[in-house]
Amino acid sequence: MRDPDLKKANRLSLLLLVLGIVLALILMSLPLYRFNAAVYIKKSPNTFVGDEKYLAVKEEVETVAEGYRAQGFDVELDEDVLTRVNSKGETTSLITFTINESFSKNVFSFLGSGLPSETVLILILAMTALALGCALLGCRGEMDLPQRYLPRRSALLRSLACAALLVAVLAVPVFVLMNNYAFSRQISLYNAGLIEEGREAFFAKMDRLLFSGQMGEGIGSALAGLDVKHAPLIWMLIPALLVSLLAAIQLRFGAIRSTLLRGLLYLFVIIVCLVTLYPYYVMTITAFRSNAETLDMYFLHMFPTKWNWSNLTDIIHRGVPRYLLNSLLVAGGATVVAMLCGVPAAYAMARMNFFGKKAFLGFVIMSQMFSPVVLLIGISQLMNTLHLNNSVLGLMLINAAFNQAFAVWLLRGTFVSISPEMEQAALIDGCGTIGALTRVLIPMAAPGIVTALIFVFINAWNEYTISTVLISTDANRPITVGITQFSSFNMIEWQYLFAASLVATIPVVILFMSIEKHLTAGLTSGGVKG
Amino acid sequence: MKKFLALLLAAVMVFALAACGQQAAPAPAAEAPAAEAPAEQPAEAPADEGVTLDVIICQYGPNTNEWFLGSGMNGTNFVDKFESENPGIKLNLEVISWNDVHQVVDTRIANNNAPDILNIDTFSEFVPDGLLMPVKDYCPEDLYNDFFPAFIAESVIDDTVWAVPDLASARALFYNVDLLKDAGVEVPTTWAELEDACQAILDYYNGEIYPWGIDMTTDEGQACFAYYAWGNGGGFVDADGNWALNSPENVEAVNFAVGLVNKGFTNPNPATETRYDLQDMFAAGKLAMLLTTNQLPTYVSDKGGSINMATAGIPANEGKTGSSVGVMDRVMAFKDDSAPDQAARNEAIGKFLKFFYDPENYVGWVSMEGFLPAVNSAVEALVASDPSFGAWLDVLGSCQFYPAAKAEWATVRQGVTTVEQNALIGGDVQAGLDALQAEVAG
Amino acid sequence: MNSIQGKRKWEPYVWLLPSILLISIFVVFPILIVFKLSFSEITPGGVIGGFIGFRNFTDAVKLPAFKTVMMNTFWWVISVVGLSTLLGFIIAMVLNQQFRGRKIARSILVFPWATSLVIQASVWNYIIKYEYGNLNNVLLNLGIVGQAINWRTSYTVEFIWECGVGIFVTVPFVTFCVLSGLQSIDGSLYEAATVDGAGFWSKLWKITLPLVRPSLTVSTVLNIIYVFNSFPIVYTMTKGAPAHKTDTMITYLYMLSFYERKKGPATALSVIGFLILCLCAGIYMVTVMRKEEES
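Residue numbers (our numbering), protein chains in the order written: chain A, 288 to 817; chain B, 56 to 497; chain C, 1150 to 1444.
The hints are simulated quantities; they were obtained by calculation from the structure and are not laboratory data.
C-beta atoms are modelled at their ideal positions from N, C-alpha and C, and glycine is treated no differently.
Among these hints, one or two may not hold up.
To be verified - The following label-pair restraints were derived from C-beta to C-beta distances: (1) B:Pro395 <-> C:Val1177: 32 to 38 angstroms; (2) B:Gly319 <-> A:Gly507: 57 to 63 angstroms; (3) B:Pro442 <-> C:Glu1190: 34 to 40 angstroms.
As the list claims (entries may be wrong) - In silico DSSO-like cross-links for lysine-lysine, where the CA-CA straight-line distance does not exceed 27 angstroms: (4) B:Lys318 <-> A:Lys375; (5) C:Lys1211 <-> B:Lys461; (6) A:Lys644 <-> C:Lys1158; (7) B:Lys390 <-> A:Lys340; (8) A:Lys645 <-> C:Lys1352; (9) C:Lys1352 <-> C:Lys1252; (10) A:Lys345 <-> B:Lys236; (11) B:Lys461 <-> A:Lys329; (12) B:Lys390 <-> C:Lys1185; (13) B:Lys236 <-> A:Lys330.
Sequences are here, hints too, so could you generate the full structure?
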């Protein structure tokens, strides 16, 4: 049971784990944050070197610099002259005086600053310590024991080490980003007066971190000219801790490959979902903002300061439910018609041989090749002739027709991929062709049918161009046309536009979720397959 | 087999019926001859004097739809009020967004299904085809005399008036008083001063404030052309009213505007940053100076901004006089040879216009979105409601308008925009304007 | 191909009849009108005149922006269809695995598809605005960047954004097409292959791809057509600015028709587009179908 080779491997893993943590600690003690604080800035327009105004301003600035030196700061005074000759031949000049101080800090100096990133730093340190402890304890005397024979206590300890290191790795970017935010954005927002709340406390913490609390009153202007550069080396904390994490996984599971693959799978799914949801996050937060806040030029709020639920009642008042009902009728009707016409056609295409089969397929595809924008004149003429102008029924039929190609084609593909033996059996059992189709083939082809169904519904739901031209009364408008009233010549009402769009997305998602299981159920019922 | 088909047909029929039930019953063809679209009410129209007018109105602001169809007109709406005051006339009125209106109107025209009354910006493309009725045919005399004569003159082709002005807006220079004052900058009146002011603002605010706003987007490029070309003694047409697009003044003007962009004095993406974007930047205090419509103060306060702003004339080149830029939309009536009683139809259109321009309705409509009026009778009430209207009406009096009465206007409007956008990416202005001139003037 | 031979020769045609009727009335008739229009004179006001031969076509080809627009359309279709097919296939493979939260992931993936293109384009346009766009908002507030970034520095970049949005909205369609194909594959095939010692790639090439090919064919051919004809993304985000440098054929002909009022050439352009599509889709279909029949 005991395995000397394993002992070697585990010893290596443990070594790597410790090494990674030591490396991380070394990185943290390096002066990675370099600060260049322009502690004081004075701009003087229409001033020339040597003139009265210049001398006055310069004297003023030098007094300030003296003040800083008296406090024990090692400051330099810079003077930047910008002269231009304007169109009238006059010389204009803008003089900028700055007082600078440069210094660096390491990661540990954030301890005791009271900044929010301090908490994260403590978390990282605590987690690495925990991981180290757990790993050492969990390995004691069991270095050569295969993982599946580990006693429960050791297994638990090693798992804990993995989890702690995972948290530490994930916390590193949080720490760095929190600092970035505090040093650039938060300072500039406070200084511009764009946010007020917590200003004094924040400045005091910054003073403690940067100037050992000596700047006092002048901290606001000192921070205004703060230029922070973190060395890219700080990101090396992640690989360092990652090495430890991988070593911990090796210690716990013996093999890291399958665990890693599983992790990557989740990572991939999470990234895809986040990217997909991102525009909906934007729509949601905008939908509940007030008209004034949709214009957030200084990027102050990631979320509305006040959730305006009244935006929802406003869009209801402005006709959205009626538009939704129309859309539901159009899309639902189009789906039914398209499937009723498409299923038999696809069945014939998949199961029967006849003259002109390929020609029909070509015909179906050809029907898709013009954009509705181009076909408007013809469609409108047709609808006049059929007296279907301005009617929900007209839109229904048009949408069904435009989605025939997909329905027929996808269903044909699905039917072909299902072996006909089951139907033949049903036919022999005395079912008619229709019985074989509805009782055998359609249940087996559920995934394809559901896809086609969703496709037709969604396309009809989202159709816009034809509806704008065909529908001429407000009462018959589908939602896509109805929401154009929120973007007018004078103003785009983003909050209503996005609120209505969100509301319009929900029915489709509900429809999808309610029939999604058929998409997965597929051919689980067994049977003969090709 | 047959059973299946029968089932299928039945299902289709059921859905068809359900859909028909949803909309109002389709109108029999003979019932309302003037109307192409199915009437909303089946049997109510009186047989003797039933006129139905199809009306298309463009979506001007957030309230337009409510005003005409909802309850935005003191609890009622335009259509209901009109129909109750004018029995025997039905309105089939649509409010359509500016993005789609040309598409809708053109498609209907192609199918001989033009609306009776249309509210839109251009009209000249409909005249050569004989689609429009002369205004004299339907507009009551007293209403006709009420329009500002200078406005009416903008809708004349071959000595005939084809459309009446709907409403107007005037454009001027808006600037952020505080931003200019802090940077020690005077309001520019000439192009040279403008460049100086831009440079000073750029320097003072380290480039965090855009000194000047330029909008060369596909929808507004013609306005940009007008601001600079008219400010340089050029323009779309010469003194005789012939196209003069490639004049040296115009070339210089476009090059100047593009120069402002290239020197970094403006918003960074003028080809895609629309008027809304610029107004938003101005409202947030990120843009110091902007040429835009008189509705800016309303827009800024709607957006919750509180900018200390003032207006001035549009800067012109040294030695040239600048001109205010006016933009006007129109109302026009289409011919309908299939209408059985032309006189009754014309009278109905006249009644529509009378109702539309009745100060009782019109003042509310114009002021609701902050536009300027087109009729004298509305001026008094408007000035009483908002004193700033008076100043704007003076500006409007000195405005130049786009040459929208010329048949090639649509081509020119897109043409100058394309030339500007091309210049932004390094194209040659002279060559572009030469080609455009050759295209429209033969 | 297996088939149940109908006893009566006319039977297949009865099955096809509803579909043929629907398409003929509502799609083919308007198409015929477009063909007629492309040979007719159309005034700027929209009135349709008489037959003028090929003049609309010669006018269309002579338009100064014709070449730019054709190249843009080419890159637009190739990049959007190509990348979204690749991405969609990968995502479908992943979503076909068993894992916790799979149902939720699938439902989330439907979102971009369930929202109309106009809205998608508006949202993304709102997201990548330099001055108040949400992307800058998020990046700044998460501390990822210190200064707002101009996401639309040149028309090339803007065109790439447009392609990106195109891919974003097309991926779900491909994913669900492929997924429906994957679902019909019998798991025992993979088990047998594993017993035979086949690795991941050989299973992908020998089992998955051939069986998914019908679904993939459908989605690719239809995507070529839909993406070629896709209008709202470009129209909402740039309207072809600057100077048609970001226009694709369909937005360009819209601008021609409704902004510049050159309706004849615009209609001719749409017929040219139709012919190009017929050619591309035709070639693709013939090659793929042949392979399908071989296997």
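To see whether the hints hold, each was checked on the structure:
1. At roughly 36 angstroms, the beta carbons of B:Pro395 and C:Val1177 sit within the given window of 32 to 38 angstroms.
2. Look at B:Gly319 against A:Gly507: about 30 angstroms separates their beta carbons, and that is not inside 57 to 63 angstroms.
3. Checked against the hint of 34 to 40 angstroms, the C-beta distance between B:Pro442 and C:Glu1190 comes to roughly 53 angstroms, which is inconsistent with it.
4. For the proposed pair B:Lys318 and A:Lys375, the alpha carbon gap of about 18 angstroms is at most 27 angstroms, so the pair holds.
5. Our distance criterion of 27 angstroms between C-alpha atoms is met by C:Lys1211 and B:Lys461, whose separation comes to about 24 angstroms.
6. Note on A:Lys644 and C:Lys1158: the hinted pairing holds, with a Cα-Cα distance of about 13 angstroms set against a maximum of 27 angstroms.
7. About 74 angstroms separates the Cα atoms of B:Lys390 and A:Lys340, which puts this hinted pair outside 27 angstroms; it is violated.
8. Restraint check: the Cα-Cα separation between A:Lys645 and C:Lys1352 comes to about 31 angstroms, which exceeds 27 angstroms; the hinted pair is violated.
9. Restraint check: the Cα-Cα separation between C:Lys1352 and C:Lys1252 comes to about 25 angstroms, which is no more than 27 angstroms; the hinted pair holds.
10. For the hint pairing A:Lys345 with B:Lys236, the CA-to-CA distance comes to about 23 angstroms; that is within 27 angstroms, so the pair holds.
11. Of the pairs offered as hints, the one joining B:Lys461 and A:Lys329 is violated, with about 57 angstroms between alpha carbons and a cut-off of 27 angstroms exceeded.
12. Annotation: proposed proximity of B:Lys390 to C:Lys1185 holds, straight-line Cα distance about 26 angstroms (limit 27 angstroms).
13. A hinted pair counts as satisfied when its Cα atoms are at most 27 angstroms apart, and B:Lys236 with A:Lys330 qualifies at roughly 14 angstroms.
Hint compliance for this structure: hints 2, 3, 7, 8 and 11 are not met, and every other hint is.
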